[in-house]
Structure formats: C-alpha cells, structure tokens
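*Asks:* The primary structure of each chain is shown beneath.
Number of protein chains: 2
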Amino acid sequence: MERKGILAVMSGFSGAGKGTIVSRLLKDYDRYWVSVSMTTRPPRPGETDGVSYHFVTREAFEEIIAADGFLEYAEYQGNYYGTPKAPVLEHLAAGGDVILEIETVGAFKVREAFPEALLFYVVAPTGAELKRRLESRGTETEAQILGRLKKAAKEAEVINRYDYILVNDDLDEAVAACHSLIQREKTRAGRSLPLIARLREELEEITE
Amino acid sequence: MERKGILAVMSGFSGAGKGTIVSRLLKDYDRYWVSVSMTTRPPRPGETDGVSYHFVTREAFEEIIAADGFLEYAEYQGNYYGTPKAPVLEHLAAGGDVILEIETVGAFKVREAFPEALLFYVVAPTGAELKRRLESRGTETEAQILGRLKKAAKEAEVINRYDYILVNDDLDEAVAACHSLIQREKTRAGRSLPLIARLREELEEITE
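Residue numbers (the numbering used here), protein chains in the order written: chain A, 1 to 208; chain B, 209 to 416.
Simulated from the structure, these hints should not be mistaken for lab results.
Misleading hints may appear alongside valid ones.
As the list claims (entries may be wrong) - For lysine-lysine, the following DSSO-like pairs were computed, each having C-alpha atoms within a straight-line distance of at most 27 Å:
#, chain 1, residue 1, chain 2, residue 2
1, B, Lys235, A, Lys154
2, A, Lys150, A, Lys109
3, A, Lys186, A, Lys109
4, A, Lys109, B, Lys235
5, A, Lys186, B, Lys293
6, B, Lys212, B, Lys235
7, A, Lys186, A, Lys151
8, B, Lys317, B, Lys293
9, A, Lys186, B, Lys394
10, A, Lys85, A, Lys27
11, A, Lys109, A, Lys85
12, B, Lys212, B, Lys293
13, A, Lys186, A, Lys4
14, A, Lys186, B, Lys317
15, B, Lys359, B, Lys394
16, B, Lys394, A, Lys4
17, A, Lys186, A, Lys27
18, B, Lys293, B, Lys235
19, A, Lys186, B, Lys362
20, B, Lys394, B, Lys317
21, B, Lys394, B, Lys293
These figures come from a predicted structure and were not determined experimentally.
Starting from the given sequences, assemble the full structure and let the hints guide the process.
*Replies:* Listed below in structure tokens is the structure:
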C-alpha cells in the first residue's frame, strides 16, 4: 500500500505539553488524524471507548498481536497498550498525516517498522520550568512529581535518537514548527519520486 | 572545529531559477553567505575577481588541491573549478549558514565530506515550462537550449539522491520553503545535543 501521508510520532517529557501540542495540531489544521491506542486496562471514570482508548479484553488483544495487527505494543503493570496498524495505514494511504502519541520504547519500534516516520520529542525549555508545569497541574503529590522528573532525566539519555526536539517555550511557535516540519517533509526527494519521473519523461519527450 | 551553521548545497536544472533563489535568500535574510568558487579559467568581460570567481593560476590551484584545501573540485574543458574549504568552515563555525551553488557531481562530493549538508535541487514545475524559461532568456541558440534540456533529462536520473526537490513555480514560495527547510534543520535532535545535555543535567540536579 502506498503511504502518501506523513507518520509523526510525538513523545515528550511528562508535563512538557505534548498533549496540548497534539490537540492544537488537530484544532488548527484539518489534515491530521490521531491514532487511538488499544488497551486491556479497564476504563477509568470519564473515559470513553474509542476516544480515550479502544478498551478490549486480553484475549482480543493477544489475537491482534498474533495477527501482526499492531504497529507497536507493550505491557505496563500487567496491562497491554498498543497502536492498531490498519487505521494508521489507511489514513496514510488516503494522504492524511497521522500522529501517534507514544512513549520512547514504542517510538523506536515504530521507527524500525516505518523508517520514514518523523519522531518528535517535546521538552520544556528548562528543567526548572518542567518542574513548575508539573506542580501547577496540582493533581499530583510531590513524590509523584519527583518520580516524573527522575523519569525525564533518564529519558533524556535516549532522545538524541529522535528526529526533532521541540522546545515548548511558546506554544504557538511549537505548534507552528511541528506543523511546518511535518509538511516540509513532503518535499523530501525520496517522496518526490513521481514528480522526478514525470519531469524526466517530459524532458525526454521534448528532446527526442 | 564545531560547525554551528547549516551547509546548504543548491543545484538545479539550468533555467529552473537556482541563481535567482540564491540571490533572494541573500537579499531577504541576512544570515546566508554564498561561497565564491575558485577557477583557473580566465575572467570574461564583466567578471570581477572575488565576486564572480576567485581567478587563480593552475599552479596555485594545484597547490591548494595538494593541501586538501577544497571541499570539492573538478576539471571541465581544461579548467579547474573548486570550492575553497577554509572560508566555508569559518562561516559555519561562526554560526552562519553557507550556500554552495554547484553541479551534481560536486554536490555528491560535498555530501561525502559533510554528511550533514542539506542538498536542494531546483526544478521547474514541468518540462515545457523549463523550455519556455530557457527560451525567454533569449541568450542561446535553439541547439544550445536543446543541449541544456538533454542535460536536464540526464540529470533527472540522479536528483532523487538530493534531500529536497524545490519546485520553483512561485518564486516567493520557493524562497520561503528553502529558507524554512534550512532553518528548521537546526531543530534536528542531532544538532540539539548541547540542549539535551543541559536539560539532563538540570533534571538530575533537581531530582538528586
């Protein structure tokens, strides 16, 4: 299946604003589609099936694994989480750009399966600002915030393997930069092969 | 020497508007510097040493070859043409972005020496439009134009090895796209290693 759209993977420090950037991309431009993950974890209050996640049984999830139906999947704390492959491929083939909001391990699995995927990692401008953002949410204990910051410090070791680091200092700028990087990717020569072939044919015809 | 700026290589079909795009980048933004090639060919009327080319003797050119002083060089019709290495490295180290306007063979040599260089290939939107542009210059015979179009058809075989194909349909758009691609390249994770290292240090300090 030809893949015309761009597959963009978004990861980032917890609290850096990855989710906000994705929401804004969806709101500001009408060409993005965000993959909904599948999980075996039970829904929490307020979560809607098909919006927050596709909630399925362990048996159903394992059948899809067996059928090679995930772009990437992992098990966290006894529950499966995965990105169903078919809807992603369908959107890309239709020319839409697809966003996956996933963790680093999943991101690198996607890179293996789709070497042409664009991997973005969202960071806050400074460590202190990341701490401030986590605290200002007001939803977590100090210990939980410290845990997130420790995870961020650990994760910083691998983010050089992403394609682009998005510094979320000014939100508007970060959204515009992300959109521009995804769209500019389409002028890559490797994606312009039909254009090159057409020009070549036209020039050969003219000079025959 | 650390290379902070971006090295952008511009090639393109003769008549596609490569020179115009480079002139506009220089005029519209103040962060570009265009390398002046060195040649052993004698100056033509109206050509100024140090502007059109650096005109040197064959002996001087070969001394620079021996000292590994060229980013790339080639011999065409008995004359040497080359890109002096030192000024390019100096501008990059100072944070400037450098543009080289060179042929495909030179472009691929630069890619070998600088894998991080960005290679742009400028095309007209169609073969017929390229022919029309060459004709409208009014400076060449029909046979010369046919020769240029044949060279373009031949060159089209290798331009998939460039990074980006710039379709010069609307000049303003092509200039803006080129500028944006060069500047966005700086957010590449591979170029953000100092930023990543700083964030990691800050996060480790906070969570100690």
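*Asks:* Looking back at the numbered hints, which does the structure fail to meet, lowest number first?
*Replies:* 1, 4, 5, 7, 15
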